[in-house]
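K.L.:
Here are the chains, one letter per residue:
2 protein chains.
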Amino acid sequence: MKQYVYAFREGSSEMKPLLGGKGANLAEMTRIGLPVPGGFTITTEACIEYYEQGNMIWDDLRQQIGQKLSEMETEMGHQLGEVKNPLLVSVRSGAVVSMPGMMDTILNLGLNDETVQGLANTSGNQRFAFDSYRRLIQMFGDVVLEIPKYKFDSLLEKKKTEKGAASDTDLVAEDFMDLVEAFKKVVQKETRKPFPQDPQVQLMMAVEAVFKSWNNPRARVYREHNDISHHLGTAVNIQVMVFGNMGNDSGTGVAFTRNPSTGENKLYGEFLVNAQGEDVVAGIRTPKDIEEMKNLLPEAYQQFKEVAQLLEKHYRDMQDIEFTVNRGKLFMLQTRTGKRTAQAAIQVAVDMVEEGLITKEEAVLRMNPSDLDQLLHPTFDEKALEEAALITKGLPASSGAACGKIYFTPEEAVNAHARGEIVILVRNETSPEDIEGMVASAGILTAKGGMTSHAAVVARGMGKCCVSGAGELNISEQEKTMKIEAISLTEGDFISLDGNTGCVYHGKIATREARLGGRFVTLMEWADDLRKLKVRTNADTPRDSAKAVEFGAEGIGLCRTEHMFFEENRIAVMRRMILSRTEDARRKALAELMPMQRDDFVAIFKVMGDRPVTIRLLDPPLHEFLPTAEADIQRLAGELDVSVSQLKETVRELAEVNPMLGHRGCRLAVTYPEIYEMQVQAIMEAATQLKREGHHVIPEIMIPLIGEIKELQYVKELVLKVIRQVGNDTGETVPYLIGTMIEIPRAAITADDIAKEAEFFSFGTNDLTQMTYGFSRDDAGKFIKEYRDKGILEKDPFQQIDRRGVGELMKTAVKLGLESRSDLKLGICGEHGGDPSSVEFCHLLGLDYVSCSPFRVPIARLAAAQAAIRYPS
Amino acid sequence: MKQYVYAFREGSSEMKPLLGGKGANLAEMTRIGLPVPGGFTITTEACIEYYEQGNMIWDDLRQQIGQKLSEMETEMGHQLGEVKNPLLVSVRSGAVVSMPGMMDTILNLGLNDETVQGLANTSGNQRFAFDSYRRLIQMFGDVVLEIPKYKFDSLLEKKKTEKGAASDTDLVAEDFMDLVEAFKKVVQKETRKPFPQDPQVQLMMAVEAVFKSWNNPRARVYREHNDISHHLGTAVNIQVMVFGNMGNDSGTGVAFTRNPSTGENKLYGEFLVNAQGEDVVAGIRTPKDIEEMKNLLPEAYQQFKEVAQLLEKHYRDMQDIEFTVNRGKLFMLQTRTGKRTAQAAIQVAVDMVEEGLITKEEAVLRMNPSDLDQLLHPTFDEKALEEAALITKGLPASSGAACGKIYFTPEEAVNAHARGEIVILVRNETSPEDIEGMVASAGILTAKGGMTSHAAVVARGMGKCCVSGAGELNISEQEKTMKIEAISLTEGDFISLDGNTGCVYHGKIATREARLGGRFVTLMEWADDLRKLKVRTNADTPRDSAKAVEFGAEGIGLCRTEHMFFEENRIAVMRRMILSRTEDARRKALAELMPMQRDDFVAIFKVMGDRPVTIRLLDPPLHEFLPTAEADIQRLAGELDVSVSQLKETVRELAEVNPMLGHRGCRLAVTYPEIYEMQVQAIMEAATQLKREGHHVIPEIMIPLIGEIKELQYVKELVLKVIRQVGNDTGETVPYLIGTMIEIPRAAITADDIAKEAEFFSFGTNDLTQMTYGFSRDDAGKFIKEYRDKGILEKDPFQQIDRRGVGELMKTAVKLGLESRSDLKLGICGEHGGDPSSVEFCHLLGLDYVSCSPFRVPIARLAAAQAAIRYPS
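Protein chains in written order, with this note's numbering: chain W, 574 to 1446; chain A, 574 to 1446.
It is possible that some hints are incorrect.
Identical chains share a label here; the pair holds if one copy fits it or two copies do between them.
No more than 20 angstroms apart at the CA atoms, straight line, and that leaves these computed lysine-lysine pairs for PhoX-like [as the list claims (entries may be wrong)]: (1) K1053 to K1221; (2) K1363 to K1289; (3) K1368 to K966; (4) K1081 to K1056; (5) K1368 to K1283; (6) K1283 to K1363; (7) K1363 to K1294; (8) K878 to K839.
These are computed hints drawn from the structure, not numbers from a lab.
The following block holds chain W by itself, in its conformation from the complex:
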């Protein structure tokens, strides 16, 4: 016969899958001798079996519960339902993972019209007894009988009004007697049955209610969204009641062993004298600081402090503890690992290593890498946030908090910034033309585009707050308004953006600057020692490169060259190049761009020192550099001295139906070899200059969008021609690598061929995901949310590598690539390089490095270390 019920003394913390979190910890505390009121746990397996039995408690389970109950009664020396001196119990759910939406707690179970008198007599406190009884009816009515809570609450409020009572404590025994009668009537009326008087019936009904709550819609939705199996089930804990509301020698409290907000090593919590557990949470009375317990209940305080220290040592982590003092005696009701802020997490982890409590590996594993983001960016003041007016919610595209005046065009953003205003740029979506406006802004808000839209990617690169895809907004860039329902904001109005939540607020909210303490540095150093993956950054400017190095980047994994052409003085030359009708004219324009591009590389090489720098040759389709708005085209026509109609014709000719799959990347080099020639010349001349200044630069020239080995052979040949030319012209030999992005499915499939020509692969997982899924990043926002809501996609594949599909192609590419070239250098430069799960996958694939935007470098460092600890090679 399977054991479905375990006394606390039979369990331990290792039995969490069977006993649930709460039950396992109660057992563990019992096991190590802490004062825990007696009790037992009905296992998660019983819950699963309950559903398999067709939603009913079967005989064997009923017997096992009865058996454990008897044992408990024997130990306690009195019984459930005993009229003179009744045993009371609490019933609590306890899943393996704590989960909102499930039934929580029923206290005082065992009281009825008779036993309440017994309780009054033995406690010598009639008020306490009837208060406890009405609480039982109230909780039982709510969670077991499913009677709307307000039906009880309103009667309590009415009573308080009648009596002129400011708080529950102003009510007397008779008031609670009245309420008990009134509550029983509510039960009769709502369920057409009286409140169950038999404590055994109460118990079984409560157990069933816990089982049922496992499958209520809220709990199911929660599990689906959090990827928790429906087949885990919940445990049920039945525990002898102790009372914090027995008078001024009693009380109840909740405390963390360290400060969960700052990490300071000092008890932190709240305490109420003469109160039952839920009073602390409910906020009916204002709880006192746990320190005050020292004066009010000095012995219990001392004992609690020791227990807290013991628990922390025992669990080797900061604990979140519930306790009750019953007439001076301390009882532990729960302990669990305490939730904490990122800042506290770092402090606690580093402190505990220094205290010898945990290892460096454990410290590193305890941080959620994504939480580091909070530390690197400004955040809103939490208090201020509570009162803020939420307008709408978009996607949390780039971390941080920003508050400023809204502007609708890049030009106006630049002007306002120049006037000293703090600017929020509001756009339907951004394009490369908006870069300068984005630089001038403190935050960016877009109505369209997903987590990997242009706005999101660029903002993350800049470490700027961005909320994207706020689809409810109706933005008119012409009228300079953004509307949502009744609200209409115009140029110059203040809004506040929370890039961590996607929330958009009306008006100003105070922000707090980011602070990185010494313990952050310590933890990251440990992480660096542990990880196998190198971490590089995606950066195209000396400023971003410097920021990334500050954050620990070990090189540049992706230097995009296209952004360099959008600067004021360059875009005109670039456009002239694009609109050239002959190769000669194109070469002339490129010759003007070359020195600018070379100086860019010199500046970046200087910042990066001897760290490797991977430079991607021009990737976007040429039409991205041309204006599309009528006015811009007219202006450009004037600048270039061509007719408007001719210019429009060229723009029209260059336009593409699916630019993502169009004339871009290395395809440009096949049609216009001179563009890549210019870029390679700039790279090699820059590297030569650095070499002459005594540096050891090894530029890694990356050819994008390769899908076929002959393409790579063709482009590589032209790259090599220029390298030889620069070598001849300068008389210097600079070492270099030539490699390719793996971002087209066909490149992954034919990676054995590709690796014959490529010295390195860098996975461009953004495009690889687009093509493998057939999802356009720019358009998928429209349906990806629906896909996630409907459970079709568990994760946004643009945020976290889809291991099943995209990952399979990466695996193929790594395997085939290494077969052809055993020293092939392998990296990733897609947005995924900064996502912890994806970093773990890259570790598992055996890549050499990940590359991500500067502000994600610390996240990647930590995630890489965690992967190395979890999966040592």
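Let chain W serve as the given structure and place chain A on it in line with the hints.
P.N.:
Okay, now just chain A, sitting in the frame of chain W:
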């Protein structure tokens, strides 16, 4: 020591790789005892070795040539360079595959200032001797010494003018003596050396010239384009000269054993009395019909006829033969398999089976499947074509020939058609809105788009002539003009399109209707018996379905439902549906569409009888159904009674950056389940109606654009719900299959999952190619041509399945799919279904069927049979 030189008597036709085509056939004819002038062949290996030796003829080769030459001289009883009675030889190249651009022939080698007198004496014909000498200098000068041909030709012309000679035959011996002197001066002037007098030197120089011509640029380009290895090399044939120009008892001719144009079993060829080989080709004199040889040289004719029959029997195929009659004696100079038209190919193949010469399998293998296309469509009259004025050349997007008046909008095309005009629709590119205009036109010409653009795909489906991507054209649809360089055509002007070549002509050209004879039917029946693959068609209308059945389609593999919504009375309802703001409004519009859609299916099911019909649920993004031009939007706003700005806003909202990777296919069903619900209802109600009428329809419902198993589960559930509903409503149970397209790389990678829910896979190789390569079909036209010109892409992957990349994904999908479901039905419905190489690949993959546009059905049937013969399972 390796043998590099073979006497004709040492070889055979099996030694083609070593001896080249010409050499092997000369050896074979020698072997079977036909009168072939003696000679020997220098092998292709010698050519390769020549390059490896650093472009020089090494001693051993020189010795082997000398040895064979001596043997030949001994046989003939006189020698090269013998003054009294010189032996003369011809030198000809002979690669394995005949190849334009290589050196062809040098005749009369061995003549010099002395031996020419010997020849004059022995032949008793001074004129003949000097004519032969001047020919040698001319040919040698041109092909060995690389002296521009016109330098000799102009002297000959000058001489003819001087002498008032109409033709060469009017010149006398002295004239040729003069010309010999003049030609020698040209050689001296151009090469600064005299014409080589030593016949041995002449011979070695000629051999080297043949070797060198293997690597000349024209030959290299040809090989690259035709996928011929550069490492094959060419052979060189040296053969004793016989002379057709020895007087009226001599002559030369070329003949096919059957008529290469019609296939009729009758000698077909041309003959010239008193002429050397090149005279027949050069057109200096008009050759006579081979039949006339019967009167002029009756004995030689009889002998030739017998030899021709013998050769055809020996080679078991129609032969193309060159011969010379030297003073009444017949000599065979070449035989090879004769080129023929598609019509002749069928007739010859079927006749030969009936004559017992070849097997049915051989007959089937001899047809080039793509050539069938010519037979199914009208063609231009060949004579008329010679005089036609070519304007430009686009891509041969859909076979056939059309001639008509140009119109620039679908509306005008429809109107002109209604007036009884024959219309050519000229557009920059077509879109689904143009369908009615395309139906009304005899041919379609577009400036943009590739072989698989909208215009190309739809035209092929309709069997209509189409030239796409004629990029040089400058089309203004507003001004109703098409311009190219100086030519400007306007509405109503006549042009002619050749869909087989992509040529666009100015004016009218007479066309010939397609004719399918009985032998075509016979051959196709044989093919059907032999093939393993079934052949279905892609068709969305009863008319196309009927055409396809006539062409032998065994079912519909792809019935696209989107085209059905473009008809006049439907598009408005469709647009109302798309622009609905609520699900209710959408359902109302769909309810109007349902009966129309159901009637479509009823009509198609009726045409198809009990053949399977695969219906793809709606695939394109909704914006494809909305107008984009200002005027159209204004009209639509009026029709729908919404404001223009509101409509524009909706159009803008629905627009996508990359529609190919956007909100389409099953993604529509996740957001708007009611669309697929309507379609499934229409399908099942139509099938029910057919069932009640006694048919056995098993609709195959195909869900497009699946990339993830959960997507399929979600959509399948809603499809099943409707099927059950229709079953309940009608009280009938109709069998059905539910399957999916495999067109997204991720679907192929996760095919084991997908097959758990899908009863069939249909490879959508168009989209699969787009995503695997990252090539947008609509945009790749811009660079794919350059890719092919530069040898980066050997084939357009949208025409022929890329086995290395796309094919690898298909292989994976087949393997994984069958692992999950052993009776999974496998097919292909991309454009590739009608491409012979792709059909072969589908056979190798073990698919159940291919599906292609109606006019390609015969091609697919034949290609499937060839694959089954070549690769029996």
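K.L.:
All hints are to be evaluated individually against the structure, with a verdict given for each.
P.N.:
Verification of the supplied hints:
1. Taking the closest pair of Cα atoms, K1053 and K1221 come within 20 angstroms of each other only across two copies (19 angstroms); inside a single copy the shortest separation is 26 angstroms, beyond that limit.
2. Taking the shortest alpha-carbon separations for K1363 and K1289, only the inter-copy value of 14 angstroms comes in at or below 20 angstroms, while the best intra-copy value is 46 angstroms.
3. Proximity of K1368 to K966 under the C-alpha cut-off of 20 angstroms is restricted to the intra-copy arrangement: shortest distance 19 angstroms within a copy versus 49 angstroms between copies.
4. For the identical chains of this complex, K1081 and K1056 are intra-copy neighbours only, at 18 angstroms inside a copy versus 60 angstroms across copies, given an alpha-carbon limit of 20 angstroms.
5. Within a single copy, K1368 and K1283 get their C-alpha atoms only as close as 36 angstroms, which misses the 20 angstroms cut-off; across copies the closest is 13 angstroms, which meets it.
6. Within a single copy, K1283 and K1363 get their C-alpha atoms only as close as 43 angstroms, which misses the 20 angstroms cut-off; across copies the closest is 10 angstroms, which meets it.
7. Taking the shortest alpha-carbon separations for K1363 and K1294, only the inter-copy value of 17 angstroms comes in at or below 20 angstroms, while the best intra-copy value is 54 angstroms.
8. In the homo-oligomer, the alpha carbons of K878 and K839 lie at most 20 angstroms apart inside one protomer (10 angstroms), although the nearest pairing across protomers, at 114 angstroms, exceeds that limit.
Violated hints: none; the structure is consistent with every hint.
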